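Turn these sequences into a full structure, and let the hints guide you.
Taken in order, these protein sequences are the chains called A and B.
Numbering of the first sequence is given in numbering that gives the first Met the number 0, commencing with residue 0 and proceeding in unit increments.
Numbering of the second sequence is given in numbering that gives the first Met the number 0, commencing with residue 0 and proceeding in unit increments.
I should point out that these hints are in silico values taken from the structure, not numbers from a laboratory.
Remember, it's a predicted structure, so these values are computed and weren't measured experimentally.
Be aware that a few hints might be false.
[Claimed, not checked] Rough simulated footprint, nothing fancy, chain B against chain A, three-plus residues with beta-carbon under 8 angstroms:
1) 74-87
2) 159-170
3) 192-201
4) 293-302
The beta-carbon is built from N, C-alpha and C at its ideal position, and this holds for glycine as well.
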Amino acid sequence: MALKLADYKTDVHNDWCPGCGDFGIVNAIQMALAEMGIRRDKTTMFSGIGCSGKTSHYINTFGVHTLHGRVLTFAQGAKIANPEMTVLAVGGDGDGLGIGAGHFVAAGRRNVDMTYIIFDNGVYGLTKGQASPTLKLGEKTKSLPSANTNASVNPIGLAVASGFTFVARGYSYDVRHLKDLIIKAVNHKGLSFLDVLQPCPTYNDLNTRDWYAGTDLVDEAQKRHSRIYKLEDQKFDPTVNYASEVEVNEKLAQALIKSLEWGEKIPIGVFYKNEWISPYDQRIKDKIPNYLENPPAKQTISKDGQPSTDISKILDSLEV
Amino acid sequence: MSVNADFTWLIGGPQGSGVESGANIFSKVCAEMGYQIFGKREFYSNIKGEHSYFIVRVADKEIHSNVTDVNLMVSFDAETIFRHFDEIVSDGGIIYDADLAETKTDAVHTLDAPFKERLHERLRSEDRPFTVAGALEIARGNGVKLFPVSFKSILEALATETENPRLKGLVRMFNVIGVSLSLGLVRMSTDSLQKTIGKIFSNKPEVAKINQLAATYAYNFATAKFEGFNHVLSGIQKTPGTLLIQGFQGTALGKMACGCRFQAYYPITPASDESVFLESNEIIEVIDNRPGSTAVIQAEDEICAMGMTIGGSLTGTRSATCTSGPGFALMAEMLGWAGINEVPIVITNYQRSGPSTGLPTRHGQDDLLFAVHAGHGDFPKIVYASGDIEESFYDTGNCFNYADIFQVPVIHMMDKFHASSVITCKRFDPQKITINRGKLLEKVDDNYRRFEFTDDGVSPRSRLGMDNGIFWNTGDESDETGHITEDPILRVKMMNKRMSRLDLILRNIPDNEQVISFGVEEHTIVSWGSAKGPILDAIKMLKEEGIKIGFVQLKLLHPFPSDYVNFLIKDAKTIIDIEANYSGQLGKLFKQNTGRDIDYYILKYTGRVMTCIEVYDALKKIVQNKADRREVLMHGA
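Listed below in structure tokens is the structure:
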């Protein structure tokens with residue numbers, strides 16, 4: 000029986016604030032899963048801590064709500080042990096780029112075939128609005144006693160530099176576009192990263208829905224224009240099309256330059272895509288030829304309560 | 000001539016000069032010739048240059064520890080002599096490089112100030128110069144025989160004889176020369192030496208050949224030139240089915256045998272050898288089936304290692320990590336997550352001396368109380384300790400069963416003493432390991448609830464990716480499905496469900512896996528972990544003198560088997576706690592759980608392992624009523 004969108008929803012009460020950008024993201028994830036028809040019991044949603052951490056409870060797949068900053072560690076371990084699963088990890092920008100920044104960088108180097116989505120709103124919501132790693136230096140959102148004294152991290156740039164092989168940005172109020180991005184990210188062979196701009200209506204009074212919509216920007220013709228624009232509309236080609244250093248460097252540099260755009264024009268869409276880098280499962284397979292057919296989670300380890308492992312050769316080599 | 004063997008040999012030199020491989024050859028040859036081996040490695044936190052040494056005890060009877068005295072020392076540098084000359088027993092010997100005799104203490108830059116001060120004091124007290132010769136004169140005065148040899152001349156002679164001038168400069172063969180001189184001196188079989196070298200360098204026949212030549216030359220040199228050494232190791236009947244094994248291999252082989260197929264780790268001494276061994280053997284032979292494999296993942300830190308391990312376990316894979324104190328400290332938050340989510344994982348904890356970085360390459364049983372209390376909040380876990388390497392193989396299998404059956408994290412306490420010991424022991428029998436996965440499901444019916452309330456407090460366990468087996472986990476308090484709850488009534492039910500596991504553990508783990516009693520006497524020792532070896536040897540020595548001391552080895556340390564321990568020790572009048580830390584951590588746990596006081600502590604926290612002689616001396620003082628309440632052991636360079 001074909002799965003419907005409703006099948007991917009749980010009946011857990013959603014306690015996000017009215018108007019929260021997170022709703023758009025969770026809807027986009029559910030729509031993407033439904034459209035791809037991925038079996039619910041072959042998918043695990045991992046989440047970190049914070050408002051975004053609750054996402055795994057709202058999606059009717061396996062759901063693992065982990066610890067602050069550590070979502071990628073759990074997710075990678077599970078995916079390596081059972082590579083047949085579709086794995087998505089979600090978390091906030093404080094979670095992934097503050098306390099979890101070390102894991103973010105290391106995950107890029109590993110390139111495990113899974114998807115990581117950051118709900119990027121510039122504030123720590125559940126602790127009442129402190130500055131998060133993506134809030135710009137000198138900005139003062141309404142709960143801050145004084146302006147932010149830290150410079151912001153560039154999530155797209157960091158992902159590209161860390162080795163993520165698919166890097167994109169979405170906007171939580173453009174749900175269809177976001178859904179398409181999630182499908183692309185999940186289908187990508189390797190570690191994909193999605194930075195999702197997500198207004199926090201309660202604590203971030205700067206980067207609001209109206210601000211992204213450009214209500215404050217008026218051009219000469221007295222026409223408003225949205226800050227958000229789509230890279231694909233500008234014929235931006237994010238893909239590393241052939242395996243050469245020149246091509247890779249060009250696409251990396253172009254992604255990095257694009258990632259610096261902010262203010263009156265904010266690009267969304269795919270910044271970088273490189274399928275020439277081996278995913279981690281391939282690297283394991285190079286050492287362990289039957290890893291994908293017989294991964295850790297599928298192995299037979301006992302027969303009638305006795306070990307089926309044969310370590311006699313190793314013991315022979317140690318025997319005097 | 001002494002024929003019944005209990006012989007201790009020491010080889011020392013700068014780190015990176017082949018001390019370990021020298022000791023490896025020596026141990027293999029002696030084991031090959033039927034002897035029991037107990038070897039230990041001591042080294043600085045350094046890659047090249049600092050002093051490292053290896054002590055190998057060779058005996059014709061069962062041994063579980065090292066002794067204090069050394070019968071024969073071989074050194075190819077000056078520092079080894081400066082550091083160890085006083086450990087050589089009368090009638091023992093020192094083989095040393097004659098070219099180094101005039102080396103002054105000041106010329107050895109790796110002698111640290113506090114040691115040098117003590118050394119100078121010692122040399123001054125005997126009115127000797129601050130040179131190698133000065134130290135050797137003191138040894139000679141102690142009745143030690145000196146066997147000078149020019150290592151350089153041996154290489155030169157060898158080069159001339161074989162018409163291979165290249166050999167002259169091969170100082171990295173000093174270790175093989177030192178070992179061969181030693182074996183020649185004790186008249187050990189040369190065949191076995193040649194065979195062992197051939198085996199060790201089996202991948203490099205050219206290297207094997209050169210080393211075998213050098214070995215022959217040095218061996219013959221010793222038999223021809225050295226006289227008057229009263230120890231002979233000519234070999235005894237070999238016990239079939241004997242392994243020569245290094246400490247970390249016990250838990251590694253246990254993991255392979257019991258089906259651990261996922262291990263994530265971050266490099267740390269003395270734990271990472273275990274992970275490296277697992278990865279070196281990552282493809283696993285399976286009886287009547289295609290090969291299996293262990294995914295061994297080097298994480299970016301211990302937090303990730305622990306997260307990955309939990310992730311692995313959630314897929315139903317037996318999963319573990321291996322670490323030491325500083326790394327385990329980083330894992331504490333995740334330990335609580337595994338606790339509240341009832342995730343079976345095994346953390347193999349090879350302790351070292353703390354606090355902080357402490358003595359990073361030295362021994363300590365410093366982390367018992369930390370392991371018992373690790374993680375915030377109340378949650379069930381198991382802390383389990385192995386007494387020796389052979390035990391650690393079987394215990395590893397048990398730890399995974401406990402984790403699966405009780406659905407709790409298990410902290411398997413090991414230490415540096417275990418990790419860097421090289422010993423002979425009975426060949427492991429994997430068929431003695433059973434595999435019990437508890438309530439892990441093979442298929443799931445509808446309406447599955449991961450944290451369903453059950454009679455015994457353990458819920459059937461699905462795995463990520465299992466058909467119909469969808470569940471949720473959260474570090475928050477949760478309901479039966481795994482969704483967040485803050486309901487006070489449900490909170491209490493969930494808390495009670497999880498914590499009831501502690502009683503279940505005590506009721507279900509067999510007594511002989513919880514505690515091992517080696518007999519209870521008026522004086523009875525309580526101890527845990529690697530202190531077992533020196534204790535067993537010490538109480539045997541005392542027994543031979545007619546002094547009976549009891550010994551209760553605690554293996555299950557959390558939850559603490561209070562009733563069973565109280566029952567066991569009811570006839571003991573004097574309780575002696577022996578362990579390698581400052582505060583007597585087991586003693587505190589013991590008092591807290593049994594209500595009984597510790598009468599005496601024998602503690603060691605120099606970072607060096609206990610010898611059975613030290614333990615023997617301290618126990619004897621206690622029996623004779625001459626001991627302090629807290630006896631602190633100090634032996635070892």
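Against the structure, the hints:
Counting residues of the segment 74-87 of chain A whose beta carbon lies closer than 8 angstroms to any beta carbon of chain B gives 10, which reaches the threshold of three, so the coverage claim holds. Counting residues of the segment 159-170 of chain A whose beta carbon lies closer than 8 angstroms to any beta carbon of chain B gives 0, which falls below the threshold of three, so the coverage claim is violated. With a cut-off of 8 angstroms between beta carbons, the segment 192-201 of chain A has 0 residues touching chain B; three or more are needed, and the interface restraint is violated. Under the rule that three or more residues need a Cβ within less than 8 angstroms of chain B, the assignment of the segment 293-302 of chain A holds, with 9 such residues.
Checked against the numbered hints above, the structure violates hints 2 and 3; every other hint is satisfied.
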